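Can you make the complete structure from the sequences, with help from the hints?
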Amino acid sequence: MSATDVLAVADHRRGELRPVSYELLTAGRELADALGGDLHATVVGGDVDRFAERLDCEGVDVVHTVAEGEEFNHDVTTAAVTALFEALEPGAVVMPNSVNGLDYAPAVATRLSLPLVTDAVALDGDDGLTVTREMYGSKVETAVAVDEGPVALTVRGGEWPVAEGVGDAAVEAFEVDIDESSIRSTVRGFEEVGAGDVDISEAEFIVSVGRGIEEEENLELVEELADALDATLAASRPIVDSGWLPKNRQVGQSGKVVTPKVYLALGISGAVQHVAGMKGADTIIAVNTDPDAPIFDIADYGIVDDLFEVVPELIERFD
Amino acid sequence: MKILVTVKEVAEVADDFEIEGLEIPETYLEYDLNEWDDYAIEAAVRIAEDRDEDVEVVAVTVGPERSEETIRMALAKGADRAVRVWDDGLAEADVLDPTTTARILAAVADREEPDLVLSGVQAADDGFGATGVALADLLDMGWAAVVNDLELEDGQASVRRELEGGVEELTTVDLPAVLTIQTGINEPRYASLRGIRQAQRKELAVHSLADLDLDPAVVDDALTLEGLAKPETESDATIFEGDPGETAAELEAVLRDAGVGAE
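Line by line, the protein sequences are chains A and B.
Numbering-wise (our numbering), the first sequence opens with residue 1 and increments by one.
Numbering-wise (our numbering), the second sequence opens with residue 1001 and increments by one.
Everything labelled a hint here was simulated from the structure, so no lab data went into it.
Remember, it's a predicted structure, so these values are computed and weren't measured experimentally.
Every residue, glycine too, gets a C-beta built ideally from N, C-alpha and C.
Careful: at least some of the hints might be erroneous.
Claimed, not checked - Computed list of lysine-lysine pairs in DSSO-like fashion (alpha-carbon distance at most 27 Å, straight line):
{"hint": "1", "chain 1": "A", "residue 1": "139", "chain 2": "A", "residue 2": "279"}
{"hint": "2", "chain 1": "A", "residue 1": "279", "chain 2": "A", "residue 2": "247"}
{"hint": "3", "chain 1": "A", "residue 1": "247", "chain 2": "A", "residue 2": "261"}
{"hint": "4", "chain 1": "A", "residue 1": "139", "chain 2": "B", "residue 2": "1202"}
{"hint": "5", "chain 1": "B", "residue 1": "1230", "chain 2": "A", "residue 2": "279"}
{"hint": "6", "chain 1": "B", "residue 1": "1002", "chain 2": "B", "residue 2": "1202"}
Claimed, not checked - Partial selection, computed: residues in chain A whose CB lies under 10 Å from chain B:
{"hint": "7", "residue": "144"}
{"hint": "8", "residue": "248"}
{"hint": "9", "residue": "302"}
Structure representation (structure tokens):
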């Protein structure tokens, strides 16, 4: 137990470990190697013994199980991670940059007076710790040096490969004394949203529209295109936030994950949250006025032009 | 009832921009109210409008004089008064760690003693997504992150938290609490001309760290910005060139190849 160790905190929901948990193990192992210490994993709540077995991947030295509650509760997780950190005194605690990760990681940092760097996309621990993260909606990449450890980190999903193999980690139950009065929130349940007339995750061809459409009235144009191509209409977050299309049409991290044969992105810049929902499409085509829009990084085909110029031409060709 | 709304003026970067050292020159930056905070302000103002009791909405920001324009926007949209924290120490420190910002906001909240604090989920510029929850913990309040639906009842907030993959968590949090507000929770209003006029007369207090009894060393965080770069583009997309007629023809070929329009 020392400042060269790394503690990685798994993410689970409704009985399953979320994929980012295994990515955290890879990120944590890399960092532990650079620091020269052990990788400790922990899971708080749920079926912790089953979770521990899964988390025992290659490179994991110890899995600490905290059998407190079924579902994620940030008050419990904050208390458990804080107590475990104090017991282990590692050099870094690595947490997921998920919705739930961001619901407790900042509190872990303040309670332990640790510096906090969220949404890391790369970690370099060879000469002190430097964290790579993005700013300005992925337009800029920054290198943030942590002057002195220990540090609290959250890492972005999809940036590290998942940990594999079977390790020989020791599984240890960790007892936490949780003060009932510190539990100020109660999870009452879950709801799937965006059910409705259409399931975009089943669509073969998708025409998807983003901020570039500018006005609600202009949606008619892309609806016409979707009709002409016999494709399903979908959208990025701002269109749904504005109430122009219902939630069941939203592609992305908080919406649906789609895997069509063709994904035609019109006026979508390609924020990381959107890309998470459509990168599995066979063929990605982007039309955007900004040649540096991140959508072109994952597109197979692109047109740098105004969608209002290109779309009418395309409709004509398929009508 | 008192609601504190934390707001931030964020920089937006032009499509074409340059980086000089560790900075993006001002010519490429435009400043605006953080999008998420706009939704938080709207949520607070609606609570004030909907409830029978008196509700005071106080907007608080950490930012230079330039950001008064932005916080006035919160006043124009219905906040009753505003607090701005800034001094030379903050100007020189270039605070990076979101828990540091939370400590400064906590000093304001300690004085205001709000029943509810609303913050945006994240700031559009540095995107830490951490200030609200850090603030809650420092204030020893309850919290909920990434809220897209909110009802207040009997000293509790019933919220929906927007999780990944189209799943929402239904959670109840005891008040006082900090809620981080997600975009789409409401439709933020535009400031009316009357609102903008009224905003000029509303109280906007400016506090230094010393005014808040904060140790000047609070701004010396353990993080240092060492590099700023445009991400290397990995694009291997085939880009169609030409006028819209030509590019649409190329696109048609790709689409037909993939089976679009086959029937």
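Taking the hints in turn, this is what the structure says about them:
no.	hint	result
1	A:139 / A:279	holds (19 Å)
2	A:279 / A:247	holds (19 Å)
3	A:247 / A:261	holds (22 Å)
4	A:139 / B:1202	violated (37 Å)
5	B:1230 / A:279	holds (22 Å)
6	B:1002 / B:1202	holds (16 Å)
7	144	holds (5 Å)
8	248	holds (8 Å)
9	302	holds (4 Å)
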